[in-house]
Each structure stands twice: as structure tokens, then as C-alpha cells.
Amino acid sequence: GAGVSQSPSNKVTEKGKDVELRCDPISGHTALYWYRQSLGQGLEFLIYFQGNSAPDKSGLPSDRFSAERTGGSVSTLTIQRTQQEDSAVYLCASSVRTSRDNEQFFGPGTRLTVL
Amino acid sequence: AQSVTQLDSHVSVSEGTPVLLRCNYSSSYSPSLFWYVQHPNKGLQLLLKYTSAATLVKGINGFEAEFKKSETSFHLTKPSAHMSDAAEYFCVVIHTGTTSKLTFGTGTRLQVTL
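So the protein lines, in turn, are chains H and R.
Counting with the numbering used here, you get residues -3 to 111 for the letters of the first sequence.
Counting with the numbering used here, you get residues 17 to 130 for the letters of the second sequence.
Worth flagging that the hints you see were computed from the coordinates, not collected in a lab.
Some hints here could point you the wrong way.
List time: in silico EDC-like cross-link candidates among lysine to aspartate or glutamate, alpha-carbon distance up to 16 Å [to be verified]:
(1) H:Lys13 / H:Glu99
(2) R:Lys65 / H:Glu99
(3) H:Lys53 / H:Glu64
(4) H:Lys7 / H:Glu81
(5) R:Lys65 / H:Asp97
(6) H:Lys13 / H:Asp59
Partial pick of chain H residues on the chain R-facing surface, computed with a CB cut under 7 Å [unchecked claim]:
(7) Ser34
(8) Gly38
(9) Phe41
(10) Tyr44
(11) Leu56
(12) Asp59
(13) Phe61
(14) Asp97
(15) Glu99
(16) Pro104
Built from N, CA and C at the ideal position, the CB exists for glycine as well.
Chain H with its partners taken away, still in its complex shape (with noise of 0.2 Å):
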């Protein structure tokens, strides 16, 4: 069956503009992560969604980022007045439910790269 599907591929912005990054989750997958990897950071956690709970986004690290999850489906990561520091690989994830014991199944991700 069809994995995460992460849109675009590839991001180049220049400094000071907003983007927007797209993922699709394995369908019937009720929970879905953001995670960021980057050169300086490693692999750190963003924001988490779960059915229509409220989200926990105690990883986000500004309040230029901010993500929704439509229908508890397809989410959206909002990145707003781009920084260099920002350029990065944004990886979606999503399993079947909250769990310690489920896998979550990643996405390929986008590379952001901010001039």
C-alpha cells in the first residue's frame, strides 16, 4: 500500500518568505508527527497530532511554526518569515495509533533550503 507521501520534495525560499509544507498520511493512520533533521541539531520532534485531540506542540521551536491537520488526514507544517537557521530536512511521520509499542512509518521528507 501507499507509505507517507511528503510534498515538495525539494524547497528553496529566500530569507524572510513563509512556506508551506504538505503531508499524507498511511491511511487510517490516526496519529501523525513532524520531526526536523538538521546538520546542527540531529533529528528533533516538532509538533504531534492525534485523532481530534488538541496537539502537542511543545517542540515547535518558534511561533513562526505552526501546523494543522485537516479532517485527520493530510497535514500542513506553516513556516513563516524563513531564517537561514530554518534550512533543513522536514519529516513526516504517521501510526496507526498512539503507542509505545507502534512503529511510525516516515515519509521521505522535504529539504528546505532558505536563502
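We have chain H; now place chain R onto it with these hints.
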């Protein structure tokens, strides 16, 4: 807080020789631990997971890991390396709170030479 430490940033082995990638964890509770692999320009793939059942866990592609509580370790091993094993490997702990978010180690790059 839960965390993992990968002791080697880079490991180089010859094809056909054993692989050992080291990981130590820190957790107040009995942790769930994973190893993920990331091949160049590919997504993260789960190799294996420990979730408090058998302490010796077998994964895909001949990899296995042993959970040792006394040593707070979860080292990844493979008896015989293959060229296709060259990749970045991440030791991961899952949080026991409501989100089950993952905390990643810094990664170990495995190089396999002829």
C-alpha cells in the same frame, strides 16, 4: 527525561566482518527502544524494536539488538556486513507519555569497505 547516546559517530568495517553499533539509554522507566536506518536520500526505516518482551530482538536484514538493563545498553549487531548496509543508523527511545514521540540519538554512519 529519556535519552539515548550513540557512542560512535562513524564506524567502518570490511564486507563480511561483524558490525557493532553502540547505544546507551537513560530512562526513569522501562523504555521502548528502536533502531532506525536511513540510506542516502531515502526515508527512515525501522530495523527493530524492543518493547519489554524478549531482550534479544531480531530485525530485518540480519540485524539484531540486545537490551541489557544492567548496562543500560541496546547495541545493534550483525554477524556479517554487506555493502548494502552502508547507511546512517539511529538509536531511538519512545516517550512513555501521551504522545509517544521519538527522541533520536545523534546517529552512526556505517561505512562498509571491500
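Verification of the supplied hints:
For the hint linking lysine 13 of chain H to glutamate 99 of chain H, the alpha-carbon distance of about 35 Å lies beyond 16 Å, and the restraint is violated. A hinted pair counts as satisfied when its Cα atoms are at most 16 Å apart, and lysine 65 of chain R with glutamate 99 of chain H qualifies at roughly 8 Å. With a CA separation close to 11 Å, the supplied pair lysine 53 of chain H and glutamate 64 of chain H stays within the 16 Å bound. For the hint linking lysine 7 of chain H to glutamate 81 of chain H, the alpha-carbon distance of about 14 Å falls within 16 Å, and the restraint holds.
A C-alpha spacing of about 8 Å is found between lysine 65 of chain R and aspartate 97 of chain H, which places the hinted pair at or below 16 Å, so the restraint holds. A C-alpha spacing of about 15 Å is found between lysine 13 of chain H and aspartate 59 of chain H, which places the hinted pair at or below 16 Å, so the restraint holds. For serine 34 of chain H, the interface hint is violated, since its Cβ never comes within 7 Å of a Cβ in chain R; the closest pair sits about 12 Å apart. The closest approach between the C-beta of glycine 38 of chain H and any C-beta of chain R is roughly 5 Å, which is under the 7 Å cut-off, so the hint is satisfied.
For phenylalanine 41 of chain H, the interface hint holds, the least distance from its beta-carbon to any beta-carbon of chain R being 5 Å, beneath 7 Å. Restraint check, tyrosine 44 of chain H versus chain R: the minimum CB separation of about 5 Å is within 7 Å; hint holds. Here the hint on leucine 56 of chain H is broken, as its CB sits about 12 Å from the closest CB of chain R, past 7 Å. This hint is violated: aspartate 59 of chain H has a C-beta 20 Å from the nearest C-beta of chain R, more than the 7 Å allowed.
The criterion of a C-beta within 7 Å of any C-beta in chain R is not met by phenylalanine 61 of chain H, whose closest approach is roughly 16 Å, and the hint is violated. Annotation: interface hint on aspartate 97 of chain H holds; nearest CB of chain R at approximately 5 Å, less than 7 Å. Because the smallest distance between the Cβ of glutamate 99 of chain H and any Cβ of chain R comes to about 5 Å, under 7 Å, the interface hint for this residue holds. A least Cβ separation of about 5 Å between proline 104 of chain H and chain R falls short of the 7 Å threshold, and the interface hint therefore holds.
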